[in-house]
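S.K.: Based on the sequences and whatever the hints tell you, model everything.
Residue numbers (my numbering), protein chains in the order written: chain X, 1 to 282; chain F, 1 to 282.
Do not take every clue at face value.
In this list, chains with the same sequence are indistinguishable; a pair is considered to hold if it fits within one copy or across any two.
Derived DSBU-like pairs: lysine-lysine, alpha-carbon spacing no greater than 35 Å straight-line [unchecked claim]:
1. LYS67 with LYS211
2. LYS212 with LYS67
3. LYS140 with LYS2
4. LYS159 with LYS194
5. LYS159 with LYS191
6. LYS205 with LYS67
7. LYS40 with LYS159
To be clear, the hints were calculated from the coordinates, so they are not data collected in a lab.
Note that the structure is predicted; figures quoted are calculated from it, not measured.
Protein chains: 2
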Amino acid sequence: MKRLNSVEAMRSFRRELEGEVGLVPTMGYLHEGHLSLIRKAVEENDHVVVSLFVNPAQFGPAEDLDKYPRDLERDARLCAEEGVQALFVPATEEIYPEGYQTYIEVTRLTQYLCGLSRPTHFRGVCTIVAKLFQLVRPGKAYFGLKDYQQFKVIERMVKDLHFPVEVIPCPIIREEDGLAMSSRNKYLSDKGRKEALVLRKTLNKARDALKKGVRSARELERIMEESVRSVPSARLDYARVADAETLEPFEGDINPGGTLFALAVYVEETRLIDNMVWSNGQ
Amino acid sequence: MKRLNSVEAMRSFRRELEGEVGLVPTMGYLHEGHLSLIRKAVEENDHVVVSLFVNPAQFGPAEDLDKYPRDLERDARLCAEEGVQALFVPATEEIYPEGYQTYIEVTRLTQYLCGLSRPTHFRGVCTIVAKLFQLVRPGKAYFGLKDYQQFKVIERMVKDLHFPVEVIPCPIIREEDGLAMSSRNKYLSDKGRKEALVLRKTLNKARDALKKGVRSARELERIMEESVRSVPSARLDYARVADAETLEPFEGDINPGGTLFALAVYVEETRLIDNMVWSNGQ
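M.R.: Here it is in structure tokens:
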């Protein structure tokens, strides 16, 4: 496996590639969630590039950019073991050089959910993903559905800007006890790790209510909020029921054809997210 | 010459092309300025695509989108005569379909000059140019320097987003009496057409002052403002002296290495722009 540490190295590596190229964009500190994306990419493409870049533009000023966990050597070993051809690890100064000033915004899908708590987050995500698409020129790019809103925003950007890339959604991968995998889970103490199960349990309570026939968006959100409040140390950011395509809230009943149940909860100092999509009774 | 009226037609035409592709993005109603770009593109590339799209996203709500002059048959004939391979004329509904919501912003270069009078203009320009770059995938794209700020903004976007395109600046083409060519000149009455010479005369006055050794930005702007005011029916939008790279204004003296003299003036109802760059005494 090649390690590409500059834009020019990435460009000249790409120039020599023929056949289908798959891209898995990551911020590193890989877990089984990332590996599931990488395995799918290896299966579906002739060549796979994994990018590893902790993107400052998608962190807010009070967020965890500086302490975001890193372990490049372990990440490189894992990628090599999975059959990845190249690990692209550009320097921040090359991605955002002095004078940098171009950003991509998806204006409506970002007005909800995480977009409200993290106002410049998706602009940062779109910008880095667009840059990676130009440098890696993948036919397919793989994104995990734990970041459901991120997937929808990128899907929209790709469509709107005519990027010749297929964006592939990949299912949430969970720990045995149900906690969605995240590099940020590492921040949790043993106690926090147990409390973090409240996210999964809350989604299960929403599902139970759906099975009992509850369809009112307000009532479903109330059930989720109550569930999060049952763990006093957890702090709710949001518990929302939204249209799975537009991410818009509902006035009355949910959309039986596709409804997103989305949660963001602080456990200790760590902001965790999880979600499920309910569609035609599933 | 092919006429391509849809995104899919453009894509499949492009798929078959080998060799160097040049793009000349236009809003149609072609004049000698456009033709100079097209000729350069024909000279430098194996295939040339001219796009013709009056882009709603770059017009403000009170601007001239609806009355912008159009003459597709004449434009097509001119392109064919110059040896253009394809004229790409997409429908507005395909470029901005229902649900469209992605925009590209260059944040600092757009804070000056036309960016102040037309706050969403460059966002619209960047977005359409990025879309055309994805669909046409040119190696080179040609832009006229009458829209100097537009050129700098696109140059920055291309660099920042790593678009694999060389943006080529082309000199301003003028009528015999000095008026910079523009599709909007058509709006002028005979009287307005004569008054419009004030732009070129004002730039000449700034040049005369430079030759006499004037270097104060404020004094040079004062000279330009006075010159525009000498035509009572002309209404000044701006007369600015700015750094030719950053477009920032000067505190004191101008930059001898590269200074932009930029003008926007309403003549009758028509907003006209012109500029010159002064660099190392030239």
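S.K.: State for each hint whether it applies.
M.R.: Against the structure, the hints come out as follows:
1. LYS67 with LYS211: neither (41 Å within a copy, 57 Å between copies)
2. LYS212 with LYS67: neither (43 Å within a copy, 59 Å between copies)
3. LYS140 with LYS2: For LYS140 and LYS2, both the intra-copy (20 Å) and inter-copy (30 Å) Cα distances are at most 35 Å.
4. LYS159 with LYS194: neither (40 Å within a copy, 47 Å between copies)
5. LYS159 with LYS191: neither (43 Å within a copy, 47 Å between copies)
6. LYS205 with LYS67: Within one copy, since 33 Å is at most 35 Å while 58 Å is not.
7. LYS40 with LYS159: both (22 Å within a copy, 32 Å between copies)
Violation of the numbered hints given earlier is confined to hints 1, 2, 4 and 5; the remaining hints are satisfied by the structure.
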